[in-house]
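Asks: Use the sequences and the hints to build the structure in full.
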Amino acid sequence: MTLHTPGPESPAPGASAARLIYARPEVLRDRSTHYCPGCGHGVVHRLLAEVLTELDLPAHTIAVAPVGCAVFAYDYLDIDFVEAPHGRAPAVATGIRRVRPEAFVLTYQGDGDLAAIGTAEIVHAAARGERITAIFVNNGIYGMTGGQMAPTTLLGQKTTSSPFGRDAALMGYPIRITEMLAQLPGVTYAARGTIADVGSIGKLKAMIKRACQVQMEGGGFAIVEALSNCPVGWGMTPQQSIEHLKGPVVEAYPLGVIVDRGAVAQPTHDLGCPSPAHPEA
Amino acid sequence: MTGEREPGAQADANRRARVLMKGNEAIAEAAIQAGCDAYFGYPITPQAELLEWMARRMLELGRVFIQAESELGAINMALGAAATGARVMVSSSSPGISLMAEAMSYMAGSGTPMVLVNIMRAGPGLGGIGPSQSDYFQATKGHGHGDYRVPVLAPASIGEAMELMATSFELAERYRTPVMLVADGILGQAMEPVDLRFRTPERQTFDWALTGAAGRPGRVIKSIDLDPEVLERRNLDLQHKYREIARRETRWEGWQLHDADLVIVAYGTAARVARTAIERAREKGIRVGLFRPITLWPFPSHELARLSRHVGGILTVELSAGQMVEDVRLAVEGRCPVAFHGRMGGLVPTPDEVMGALKALKGRVDRIASPERHAHMAPVSRWHEPPERTEAEPWIHERVRRGGRR
Amino acid sequence: MPWAPIVIAEDHCKGCELCVTACPKHVLALDRSRINVLGYHPVELTDAAACTSCAFCARVCPDAVFTVWAAPREELQR
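These protein sequence lines map, in sequence, to chains S, X and B.
According to this note's numbering, the residues represented by the first sequence are 1 to 281, in order.
According to this note's numbering, the residues represented by the second sequence are 1001 to 1406, in order.
According to this note's numbering, the residues represented by the third sequence are 2001 to 2078, in order.
Think of the hints as simulated: they come from the structure by calculation, not from any bench.
We put the CB at the ideal spot given by N, CA and C, even for glycine.
Every clue listed holds true.
Derived, one-sided and incomplete: chain B residues facing chain S with beta-carbon distance under 10 Å:
(1) Tyr-2040
(2) Ala-2055
(3) Cys-2057
(4) Arg-2059
(5) Asp-2063
(6) Thr-2067
(7) Ala-2070
(8) Pro-2072
Replies: Below you can see the structure in the form of structure tokens.
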């Protein structure tokens, strides 16, 4: 069957008023990604590209790429990028933030990067209330290295480094790190969404947009956790991985806005202390 | 010292003024005057005063200062700031520098300019807080993973450290590389009268800096390349850059070399001890000169090799178990005897000790020069086996326990 | 040539079938007779007339292969 398919330049013949409903955002480069079939990173990249475009941010953005599957994010998003050592993206972003107050600063990290090797960096960037937007893709596994257990791996989940399933007695419990971060007064916005279905993807996009707006409005640290899948690492078909995501994963990591303290960071007098040693200060 | 610019005559007077300054503070102020936009640090002895000076001054000047959550945090903040083209500095001491190895490798690989100051203390491990030069290997032989080098500058006085701060920023930006300035704890902690003469390297515009992709495609600062061919090409480019640096930026100082029979090779504080020893040796009629590398990498190998053709012997003095002496031997290639004297653990060799080592070296050189020298030489070929081990030798443990020196 | 509301960037498609399950009208399927440059069976629109241009496919696609058009309003009103 041959169908005429209108390109963006040439709408369908005899249908000059055809309306464009959806097109790939321009900032998402027109090339195939290295991600496996069905991988949620592609969805998060696309949402990010859409939001940046809608907020007119690409020309002002300096982004920090992680180590892990998303290490090549700069091949797909046509914005300025710096590579960070494993886990250090929030520190790298802090350096950018402080010397470029006018830039829009973005980090993109996976769960091994952010919730294991980079815990100190993410906690302290959040504690300082750095005006950065952090995108945290949580698929509960180290995908790039072959599907090893991550700090976010569910109890009982089999991975290449927990071949008998994650046992809490031996390997501890999954970390809800976004909830942990939300405790900190420097965090203006923290939310968790997922790429599991069309509705959730819409909500996730709204969260990413809000996290970007927080930074534009002068707020503090903003983080969006995107629960994602890893069909290959989980040993599932893409469709099975989506079902798993909707079931046990979302159960372990509840969806929704965890904290939204408004654009401008709230005063934190309750955490301050008078300094008798330096009365002049 | 408070205002960044003071008007007219006052500024001239200040610039000429000689004031007593602590090494750490003088280095910090020199970095500020060299146009350092951002400083990131973490407290560690013996460089804490550098951090403290920055904490006050950088904020007074409206520049960036962050006390990071760790040395990892500090150096990665520097990586981010430097990627945007800012003039960036980090300082620490030995254990902290070890933590920074990772980011240094990334910065060398991605061509990110930055200056790292190491006020060296004694190791290994937590070691002690006394002065040391035991990070020579770490600084000159790689530090982190991968085939890379960083220029390493080693001042021998606080005044020189101030001048070399400006040079460090220049080298970093000219060659797109991290640069290390290493000084032992004495240079960090001691106070010396210094000229308040500062230098601000000219600002360049960088065609690689991340400024937001306005009207141009996105730029990437990265070290990764999974294509071996491409990665080898990048490595070859790096090596080419290192050869250029070695050719154009090698720095060293000679003193009393014109008639020297023996030469001491030493840098930093060890070079100052060596000077005193050389003065005493010359009083006793032993003609000794000083060869002081200022760049530890690139090491002044060619100059030292040339020198080794004209002298009887070389003594290397370090605050270490003998690290730079390996580079000295590589440069000398057996043309003359190379002896070593060093102290560890935060101790500094005394001029008397150095004198003793010089006399021993002189004896050795004289024997080689004597007609009967062949009588002293070992057989050309000899099979050497370690002695058969019978029992755990208690004296070894005894010595280790006592931390005994011979 | 019949009207088609979607453009598929076939060579970016990895045949994950997430769009196939997301499609409320069940008009997407992998074309098992072809293999694209990446080595996958690309997705195809099986019934253009039944497609409502809801763009669910585009919203779930990890590889952003879909461009979605809606028929002109006058056509819908007829």
